[in-house]
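Colleague: Spelled out, the chains give:
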Amino acid sequence: MAKPRIKISGGHLIDPHNRMDAVLDVCVAQGRVAAIGEGSADFTYDIEIDAAGLCVIPGVIDLCARLREPGLEYKASIDSECRAAAASGITTLCCPPDTNPVIDTPAVIEMIHHRARQVGAARVVGLGALTHHLDGVHLSEMAALKQAGCIGVSNALAPLASTLIERRAFEYAATFDLTVYLHADDAALSANGCLHEGRVSTRLGLPGIPEAAETVAVARDLALIQQTGVRAHFGRLTTQRAVRMVARAQYDGVPVTADAAIPYLYLTDLDALDFGADYHFIPPLRTQEDRAGLLEGLRGGALSAICSDHQPHEADAKLAPFPATQAGASGLDSLLPLTLKLAHDQHLPLADAIARLTSGPARILNLPYGELGIGRAADICIFAPDAAWRLNAASMHSQGKNTPFRGWEMPAKVRYTLRDGTIIHTSD
Amino acid sequence: MSRTNLQIGDDGKLRHFLSTEGLTHGLLNEILDTAESFAGVTEQSVKKVPLLRGRTIVNLFFEASTRTRTTFELAAKRLSADVLNINVDASATVKGETLLDTLRNLEAMHVDMFVVRHCDSGTAHFIARHVQPHVSVINAGDGRHAHPTQAMLDMFTIRREKGADFGRLRVAIVGDIAHSRVARSQIHALNLLNTSEVRIVAPRTLLPFDVESLGVKVYHDLRDGLRDVDVVIMLRLQNERMKGAMLPSEHEYFQLYGLTEEKLSMASPDVTVMHPGPINRGVEIDSQVADGSRSVILQQVTYGIAVRMAVMSMAMQQRPSQENHG
Numbered sequence: 001m002a003k004p005r006i007k008i009s010g011g012h013l014i015d016p017h018n019r020m021d022a023v024l025d026v027c028v029a030q031g032r033v034a035a036i037g038e039g040s041a042d043f044t045y046d047i048e049i050d051a052a053g054l055c056v057i058p059g060v061i062d063l064c065a066r067l068r069e070p071g072l073e074y075k076a077s078i079d080s081e082c083r084a085a086a087a088s089g090i091t092t093l094c095c096p097p098d099t100n101p102v103i104d105t106p107a108v109i110e111m112i113h114h115r116a117r118q119v120g121a122a123r124v125v126g127l128g129a130l131t132h133h134l135d136g137v138h139l140s141e142m143a144a145l146k147q148a149g150c151i152g153v154s155n156a157l158a159p160l161a162s163t164l165i166e167r168r169a170f171e172y173a174a175t176f177d178l179t180v181y182l183h184a185d186d187a188a189l190s191a192n193g194c195l196h197e198g199r200v201s202t203r204l205g206l207p208g209i210p211e212a213a214e215t216v217a218v219a220r221d222l223a224l225i226q227q228t229g230v231r232a233h234f235g236r237l238t239t240q241r242a243v244r245m246v247a248r249a250q251y252d253g254v255p256v257t258a259d260a261a262i263p264y265l266y267l268t269d270l271d272a273l274d275f276g277a278d279y280h281f282i283p284p285l286r287t288q289e290d291r292a293g294l295l296e297g298l299r300g301g302a303l304s305a306i307c308s309d310h311q312p313h314e315a316d317a318k319l320a321p322f323p324a325t326q327a328g329a330s331g332l333d334s335l336l337p338l339t340l341k342l343a344h345d346q347h348l349p350l351a352d353a354i355a356r357l358t359s360g361p362a363r364i365l366n367l368p369y370g371e372l373g374i375g376r377a378a379d380i381c382i383f384a385p386d387a388a389w390r391l392n393a394a395s396m397h398s399q400g401k402n403t404p405f406r407g408w409e410m411p412a413k414v415r416y417t418l419r420d421g422t423i424i425h426t427s428d
Numbered sequence: 001m002s003r004t005n006l007q008i009g010d011d012g013k014l015r016h017f018l019s020t021e022g023l024t025h026g027l028l029n030e031i032l033d034t035a036e037s038f039a040g041v042t043e044q045s046v047k048k049v050p051l052l053r054g055r056t057i058v059n060l061f062f063e064a065s066t067r068t069r070t071t072f073e074l075a076a077k078r079l080s081a082d083v084l085n086i087n088v089d090a091s092a093t094v095k096g097e098t099l100l101d102t103l104r105n106l107e108a109m110h111v112d113m114f115v116v117r118h119c120d121s122g123t124a125h126f127i128a129r130h131v132q133p134h135v136s137v138i139n140a141g142d143g144r145h146a147h148p149t150q151a152m153l154d155m156f157t158i159r160r161e162k163g164a165d166f167g168r169l170r171v172a173i174v175g176d177i178a179h180s181r182v183a184r185s186q187i188h189a190l191n192l193l194n195t196s197e198v199r200i201v202a203p204r205t206l207l208p209f210d211v212e213s214l215g216v217k218v219y220h221d222l223r224d225g226l227r228d229v230d231v232v233i234m235l236r237l238q239n240e241r242m243k244g245a246m247l248p249s250e251h252e253y254f255q256l257y258g259l260t261e262e263k264l265s266m267a268s269p270d271v272t273v274m275h276p277g278p279i280n281r282g283v284e285i286d287s288q289v290a291d292g293s294r295s296v297i298l299q300q301v302t303y304g305i306a307v308r309m310a311v312m313s314m315a316m317q318q319r320p321s322q323e324n325h326g
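Here the protein sequences line up with chains C and Z, keeping their order.
Per the working numbering, the first sequence starts with residue 1, numbered consecutively.
Per the working numbering, the second sequence starts with residue 1, numbered consecutively.
Hints were generated in silico from the structure; no laboratory data involved.
Treat the hints with care, as some may be off.
Stated by the list, open to error - According to the in silico footprint, chain C covers these stretches of chain Z (three or more CB under 8 Å from chain C): (1) 113-122; (2) 198-212.
As the list claims (entries may be wrong) - No more than 25 Å apart at the CA atoms, straight line, and that leaves these computed lysine to any residue pairs for SDA-like: (3) C:K318 <-> Z:D89; (4) Z:K162 <-> Z:G40; (5) C:K318 <-> Z:D101; (6) Z:K217 <-> C:L273; (7) C:K401 <-> Z:T98; (8) C:K318 <-> Z:A108; (9) Z:K217 <-> C:R203; (10) C:K318 <-> Z:C119; (11) C:K318 <-> Z:R129; (12) Z:K217 <-> Z:P269.
Claimed, not checked - Only part of the chain C face toward chain Z is listed, based on derived beta-carbon distances under 7 Å: (13) E197; (14) G198; (15) R199; (16) T202; (17) L204; (18) G205; (19) L206; (20) F275; (21) A320; (22) P321; (23) F322; (24) P323; (25) A324.
Keep in mind the model is a prediction, meaning the values are calculated, not measured.
We put the beta carbon where it would ideally sit given N, CA and C, even for glycine.
Construct the complete structure from the given sequences, taking the supplied hints into account.
Modeller: So, in structure tokens, the structure goes:
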């Protein structure tokens, strides 16, 4: 089926990877970027998108989004979340392996890819399980998972039974050049915890998760990354100290990358003082110093991506006493706007903020997306930079309405999303 | 970030009783004064007053309790309320009915008040946020967070023993602060009542992160911590703390933190010894002290009824459907 030839006219193109930051036309043919700027003068097109006053950026890549399918379709589905992603300018979603069944066989990842292709909205890539059933003991069939399309391996939030198993898992993954995606957590130190161990947990009598649960794990993981030479990525770091440890390791040439998730860039444990279940996160929201440390890591580049850590829930999941509620927030709808807000609030230059959603995660995933060079896949997000809107259940596209940002003003609105040159979302 | 105070109604009166934190000095004194008036009632031969006649109070306990539940039940009966005791195995609710389902079902029976105990911190707040406007919630203990009626009966005991001026008192709380909802509620209440000095005595493993931020002075040595105190409150040490990495042995704990006559001699000569019960003789307190002349452990239990009557009647006093009030 022939794809339409599309000309995006008069938009402000910001492509950090290619150092573009100017009003330039973008032309799309056969699903790819065909021409940019001057080269587009004699481009013939089927569709013209008038992007005057709008920003044109590479499609957003979300490093960590739970789609809840297979297994938890009462929370969300590949259909609902891939469409929600498209509506939020996201063209590639990376889902962790903790579905039910777990992504530990080719059949599960093939089913996810198949369903995503059927929906035809955002593209989905997946991480295979590092251990069978995420049991932390038996290695998964990583070669088969890679062949079936898994772009990396991870044990999601589940712990590994020992440092020896961690070492072997890293070695086995390195054999097949698979990146290991890590959740930095020492399970013994974080056991039963539900809030950062600090003054707020002391006050509320909630079992705490100490900072050391993250830093001890990062230290251990870094030692084993150096020992084995595996390529590794720390997802969703939350503490200032862990970010500095990773920055130091990067300086020393260790093949390691890291990201931060949106909630930790805006919220702290103080927000949970009312026992509000929307502030229940694992890992937990930390302190103001930690939040500053994450922003510092984003500025300095130690954190090369920002993800949503999307965890859509049904309403009941949050209707219980704080420790009994399920952790996490629905984050697809707020990923791009709240990343742009970091630039508005002058925490980060605009081009760097956009890089953390595009070229940064693309490099971590080792995928040829997140930039608009000639010949690249035409994954494009076009947004109105000054069209503020309010986040609430009615305005959210995700099936999960659980968010700590309810009522917040979002600074920018997505008008068009293209994936592989196909328009997968438009709005006024 | 805004904290909504669920406990206080628009008229400034007690709406729910969830925590001693966030209440006012005036409200705490009102509870103590009201309890004083009920203490007279409980000492008479006819112990009932008709204040809550026709009202239904549900004791909703998701955690085992004898003492607290019994005194709540007695308090409600002495106020002439109808009382329903419901003991829910928390694991059963996990399987099917949610906490909110349980609540809605009971509400449908036209209940006026829930007295709630649950192993999760924040449960009473959660329930208070979801009950109908005419229903009050009393926290009978939530996780490690709060046990405000216990704290208030302790304040009542101190007031009876030492007089109403907390400003000249030094109070030491000894034992497992980290896991204690009683300690947290006591600390807030003592500070709200302007206690001159609130001390905490425990090894580091039994203290929560930065406990000083609650407004206490920390001691690791019991003799130092007891020096010149007017009141010492011993906390119960759960047996399971002995088995993990919290403490090496009962023996060493008693050596260091067990209250004996010898250690008590560091305190003010007219020191009052308290314990929320049930006590572990020979673990946190020596029998000689527990049964000694300075111990008011049994009075605490008696006062618990008057204090719970006070809190129940106050929280119910501004319900729209009420019939009797003064």
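Colleague: Each hint should be assessed against the structure and marked as holding or not.
Modeller: These are the hints, each one checked on the structure:
1. 113-122: holds (count 4)
2. 198-212: It holds, with 4 qualifying residues against the three required.
3. C:K318 <-> Z:D89: Judged against 25 Å, a Cα distance of about 21 Å means the pair holds.
4. Z:K162 <-> Z:G40: Holds, because 19 Å separates the two Cα atoms, which is no more than 25 Å.
5. C:K318 <-> Z:D101: 14 Å, holds
6. Z:K217 <-> C:L273: 23 Å, holds
7. C:K401 <-> Z:T98: With a Cα-Cα distance of about 20 Å, the restraint between C:K401 and Z:T98 holds, given a limit of 25 Å.
8. C:K318 <-> Z:A108: Holds. C:K318 to Z:A108 sits at ~23 Å (cutoff 25 Å).
9. Z:K217 <-> C:R203: 16 Å, holds
10. C:K318 <-> Z:C119: 17 Å, holds
11. C:K318 <-> Z:R129: With Cα atoms ~13 Å apart, C:K318 and Z:R129 stay inside 25 Å; holds.
12. Z:K217 <-> Z:P269: Roughly 22 Å between the alpha carbons, so the hint for Z:K217 and Z:P269 holds.
13. E197: 5 Å, holds
14. G198: 6 Å, holds
15. R199: 5 Å, holds
16. T202: At 4 Å from the nearest chain Z Cβ, C:T202 passes the 7 Å test, so the hint holds.
17. L204: C:L204 check passes; min Cβ-Cβ to chain Z is 6 Å, inside 7 Å.
18. G205: It holds, given that the least Cβ distance between C:G205 and chain Z is near 3 Å, below 7 Å.
19. L206: 5 Å, holds
20. F275: Where the cut-off is 7 Å and the nearest Cβ of chain Z is about 4 Å from C:F275, the hint holds.
21. A320: 6 Å, holds
22. P321: At about 4 Å, which falls below the 7 Å cut-off, the nearest Cβ of chain Z leaves the hint on C:P321 intact, so it holds.
23. F322: This interface hint holds because 4 Å falls under the 7 Å limit.
24. P323: 5 Å, holds
25. A324: Holds: closest Cβ of chain Z sits about 5 Å from C:A324, inside 7 Å.
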